[in-house]
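Student: One-letter residues, chain by chain:
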Amino acid sequence: MSRVISFENVSFSYGRNKVLEDIDLFVEKGDFTAIVGPNGGGKTTILKLILGLLSPQKGELKVFGQSPCKSRIRTGYVPQFSVHDRSFPIDVENVVMQGLIGNTSFGPFYSKNVKKKVADIIEKLGLTQRMKDRFGDLSGGLKQRTLIARAVVSQPELLLLDEPVSSVDSSVEKDVFEMLNLLNKKMTIVLVSHDIGFVSKYVNKIACVNKTLVIHNAGEITSGIIEDAYRGKQVAVNHSCGI
Amino acid sequence: MIEFFEALFSYSFLQNALAAAFLASFSCGIAGTFVQINKITFITGGIAHAVLGGVGASVYFGFSPMLGAISVSILFAVILGIVRFKGGQQEDTVIGALWGCGMSAGIIFIYFSPGYSVNLSNYLFGNILLVSKSDLTALVILAVAVFAILTVFYRQFVSVSFDEEYTELRGVKGVSIYIVMLIMIALTIVVLMKVVGLILVIAFLSFPAATASMFSSKISRIIALSSIFSFIFSFTGLIFSYKYNLPTGAAITLVAGFIYIFSILIRYYYVRNS
Ligand SMILES: Nc1ncnc2c1ncn2[C@@H]1O[C@H](COP(=O)(O)OP(=O)(O)OP(=O)(O)O)[C@@H](O)[C@H]1O
Ligand SMILES: [Mg+2]
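Each protein sequence line maps, in turn, to chains A and B.
Residues in the first sequence are numbered from 21 upward in steps of one, following my numbering.
Residues in the second sequence are numbered from 301 upward in steps of one, following my numbering.
Isolated chain B, as found in the complex (with noise of 0.2 Å):
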């Protein structure tokens, strides 16, 4: 622990690791709570994985991979919201299917890219560790967003997720408040990308939710809880990870699964006892 502390004085790239972690947890709050009170975790899965796309496009054509991702995941949470609204029947089928083509074309496009098994296992995996400050800066930009949706669609959120058919009647557009939500996640996904990695994004953006929901039933706790929850997680998982020498993106989201089950326990023991 203390030694960790005594690198972190030291090492510019630890202190962008916490940075990140701090910004990703932001985040992560905010939009795991929508995730989880709408219960769209394959939603959020289908966006995270085609993000896969837009970066293995932005690095054969020679783009920065972050606006690439930016800007397939803005594409698919349109799409998406709009699939969801009027797919109907289909909306499963149509949601696997984008989040299958997504990431098969990022792996094709990163594997006719020159050096492309670095790239592709620190987009999948993450890695805390390799967050540049032209990261850092790109990572500040899409956490204050993120904030900035939330405070202004607050109340249109939580009114859709709660009941879409009424707010409709209230006369506010609901499809297009869905869609902005959506785009929210989305833009917390390519935060998280560089954190855990699109693979492990559904999981870090469940944990710290769903542990949150546990101890309070007001939307705005629970999305203050979940960001401090998902700080604790993403820091115990960097001391460990730098520690051991562990991949970064895992060792986070096991303590976050650890957290989570033991407060399972903790709460089944708690209200056996009352």
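Chain A on its own, in the form it takes in the complex (with noise of 0.2 Å):
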């Protein structure tokens, strides 16, 4: 197997915050891995170590044998937020096509190849019948399908979700999963979560975040295990997943 991720006595600070400390994180290929901890733990500043967003100050991050940087182009990522503006005139069969511009070329119009695997994947989401309306006009939980079908409609080696499912309903993200799952069959998967009883049952491994980094196969994953990740702050704070 090669090695897709790997993260070596990395520490990530904000300034004088200091977010991660020491941590180790080996995502091999084809692996469908949770992360986990809470509000502030660090998980989102992970996503964005991996991207090149963020470079850390200690330690040796390296994407697919390369600088971060320099892989992002074989990575889809979906936000933690949508941070865009609301009235800004753009469909969201637009907003898929974002996915692929940095595979396409130069000029106004986009190719039917291009057309055809926007429309192909917004219907697997769902989409179909909003694919005209104003991207600004969607609920919350929409408006993640779409960053969903833009992260894949290039079919990265390496998707990347941040909560990609905290608001839309539970049928849907039962299908997001199952989604997710046969995609995993073509691509790596890393995916934040706060329900880890949920993932448990997709996902080969978890890792847990709270400033420190400890992975768990998704076999030692129990019940009570859970319950001591987010139980109280005092777990939390020696080691989040206390798991």
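Quick caveat, the hints were computed from the structure, so don't treat them as lab data.
Computed from a predicted structure; not experimentally measured.
C-beta: ideal position from N, C-alpha, C; glycine also.
Mixed in with the good hints there might be a few duds.
What the hints assert, rightly or not - Listed next, the in silico DSSO-like pairs over lysine-lysine satisfying Cα-Cα at most 30 Å (straight line):
| hint | chain 1 | residue 1 | chain 2 | residue 2 |
| --- | --- | --- | --- | --- |
| 1 | A | 152 | B | 386 |
| 2 | B | 473 | A | 82 |
| 3 | A | 38 | B | 386 |
| 4 | B | 518 | A | 137 |
| 5 | A | 78 | A | 194 |
| 6 | B | 473 | A | 137 |
| 7 | B | 473 | A | 49 |
Said to hold, decoys possible - Only some residues are given here: those of chain A computed to face chain B with a beta carbon under 7 Å:
| hint | residue |
| --- | --- |
| 8 | 92 |
| 9 | 93 |
| 10 | 108 |
| 11 | 109 |
| 12 | 110 |
| 13 | 126 |
| 14 | 128 |
| 15 | 154 |
Got two chains here, separate frames each, mind docking them using the hints?
Tutor: Have a look at this one:
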């Protein structure tokens, strides 16, 4: 198996605020890894490091054996929050097309091939009827689905999702996970989630992050451990996931 | 109205004015749309006012003011693009500083050039009735450049405007695209300098796009509509200023403002009754 992500002794701080301390994290090709932990634990920060949006002050971080900035084109990303201007004149189809902006060339028109890829993925996510609607007018859940479509349309080798189902309804949540499960055959997935109980059915590794990081294989997760992980601040401070 | 058209056939300065209005409207529809969706009126204002520095310097040293305006507008587009990305919290302050310094330098240069007073007001407030044949040639070249930039980079511009971070993540150099977009806007500012003057550029860039985005939420359509609105505004303004002998830039901008406010009212009425 080849290694997709490797963090060795990585530390990161925002100014004086140390967010991650000496973390080691290895993700192999084909893994489906969940990152869990309390609010402010550093989950989003880890994804941003993998994308090269932030760089660590200490330690070595490689993605596909390269520096994160070089490998980002092989990566898809669903951000935690949609920060877009509600009144921006762009429809769902064009938001999804943005996922292919690095692979397409110049000029005002997209090729038939690109349009087809986009239509397919939009259908998979059940957005076909909303395809021509303005992105800003969608509900939070539909926005998230659109952003998932944007991330997977380029068929990345590595897919990073930051709480992608926090505002979709539970039936869609299940659909999304079924889809991720299918995608996992073709790509490595790292997903930030709050719901360990639910994700543990799908993932093969769980990384608990609260400033430090501990990796568990999915088999080790029991419901007792999960409760511990989220129960009190006490546990959270020592090592959040106490798992 | 009829007398205006009669005059149009007999006077070449009116024909030039009309051609300039057409070229300006075309560029204005393109650049104004991107100013609007990026909400970068302040940056645009910064470039517009700083351009006076270039004009002043060329008047003083005896170059072509158009050339001075073009080079300074491009220079400031590049600087402000970089400031936008690297300036962090300081962005607004830096833009404000460049805005003020550029303009002041221009005023001082022009003050020391002979016959300054006539020149200064033409650049600040524009005079479409004074557009010469050689100005027109320059305007054609600028408008074609604006259109060419748009055609090549349309997708990238839309992508950067919507979500800069994601564009970078897809391996597209966001900063460079952003700077190219500002250059396109800068060239449009130079075109508009001839028509409405540097001070009114922001208003003239905003009204058509703002009016157009009430009628469509598709960027390509907003561009087309703003160009059309922009031409209607400048044509109507031109007629008024010819007939009542008003300053052209101000007349055109006022017409634009009135139509904009009128459309807000119509839209409000329409939304309430539907
Ligand atoms: N841009 C920033 N500047 C300064 N500090 C930041 C910034 N972003 C995050 N932080 C700090 O870094 C820490 C980790 O943040 P991060 O967003 O990685 O947490 P998280 O695990 O994703 O939390 P959540 O579950 O709320 O999404 C927090 O203490 C936060 O205050
Ligand atoms: Mg987060």
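Student: Hints first: check each against the structure and report whether it holds.
Tutor: Do the hints match the structure? See the list:
1. 152(A) - 386(B): violated, 35 Å
2. 473(B) - 82(A): Between residue 473(B) and residue 82(A) the Cα gap is close to 21 Å, so the pair holds against 30 Å.
3. 38(A) - 386(B): Holds, at roughly 23 Å.
4. 518(B) - 137(A): Holds, because 21 Å separates the two Cα atoms, which is no more than 30 Å.
5. 78(A) - 194(A): At roughly 38 Å apart (the allowed maximum being 30 Å), residue 194(A) and residue 78(A) break the hint.
6. 473(B) - 137(A): holds, 24 Å
7. 473(B) - 49(A): holds, 28 Å
8. 92: holds, 5 Å
9. 93: holds, 4 Å
10. 108: holds, 6 Å
11. 109: At 4 Å from the nearest chain B Cβ, residue 109(A) passes the 7 Å test, so the hint holds.
12. 110: holds, 5 Å
13. 126: Because about 5 Å separates residue 126(A) from the closest Cβ in chain B, which is inside the 7 Å limit, the hint holds.
14. 128: holds, 4 Å
15. 154: Holds - the Cβ of residue 154(A) comes within 7 Å of chain B, reaching about 5 Å at its closest.
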